[in-house]
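> Sequences and hints are given; from them, build the entire structure.
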Amino acid sequence: MKSYVDAASHEVQAIRQEVDTANKDATPEVKRRYADFYAQLEVCEKLLAELKAAAPSDFDRVKARYEQQRTVLVKARDKANAG
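FYI, in this note's numbering the residues of the sequence shown are 629 to 711.
Just so you know, the hints here were simulated from the structure itself, not pulled from any lab data. Treat each hint with caution, since some may be false.
Listed next, with one range per pair, are the computed distances between beta-carbon atoms [to be verified]:
#	residue 1	residue 2	range
1	639	685	23 to 33 Å
2	646	680	21 to 31 Å
3	631	657	37 to 47 Å
4	711	688	20 to 30 Å
5	710	645	12 to 22 Å
In silico DSBU-like links for lysine-lysine, alpha-carbon gap of 30 Å or less [said to hold, decoys possible]:
#	residue 1	residue 2
6	674	707
7	691	680
8	630	674
9	707	691
10	691	630
11	703	659
12	630	680
13	707	652
14	703	680
15	703	630
16	674	691
17	652	674
18	707	659
Cβ coordinates follow ideal geometry from the N, Cα and C atoms, glycine included.
The following block contains the structure:
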């Protein structure tokens, strides 16, 4: 469980860093395009916190929710990147 959570945390951090770096000097219009991405990222980060605290009996349930949310996050990033 710990190795999954660590890997997932690193993945989310890398996605955040990628988008933050790419948008560091972006125009307000471009930043608005990423609003949904950041909203989805917040949900992902909350689910990661739940995963870290999850009891073994709850881990698979929370993991499934996180994986669904990660898919939504990646799609939001790709949509924002495409403009």
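> Hint by hint, say whether it matches the structure.
Evaluated hints:
1. 639 - 685: 23 to 33 Å: holds, 25 Å
2. 646 - 680: 21 to 31 Å: holds, 22 Å
3. 631 - 657: 37 to 47 Å: holds, 40 Å
4. 711 - 688: 20 to 30 Å: violated, 37 Å
5. 710 - 645: 12 to 22 Å: For residue 645 against residue 710, whose Cβ atoms are near 20 Å apart, the range 12 to 22 Å holds.
6. 674 - 707: This hinted pair holds, its Cα atoms lying about 22 Å apart.
7. 691 - 680: The hint holds at about 10 Å.
8. 630 - 674: holds, 16 Å
9. 707 - 691: Answer holds: residue 707 to residue 691 is near 24 Å, not above 30 Å.
10. 691 - 630: holds, 12 Å
11. 703 - 659: holds, 17 Å
12. 630 - 680: holds, 8 Å
13. 707 - 652: It holds: about 18 Å lies between the C-alpha atoms, which stays within 30 Å.
14. 703 - 680: Satisfied, since the Cα-Cα distance of roughly 24 Å is no more than 30 Å.
15. 703 - 630: holds, 26 Å
16. 674 - 691: holds, 12 Å
17. 652 - 674: holds, 24 Å
18. 707 - 659: holds, 13 Å
Checked against the numbered hints above, the structure violates only hint 4.
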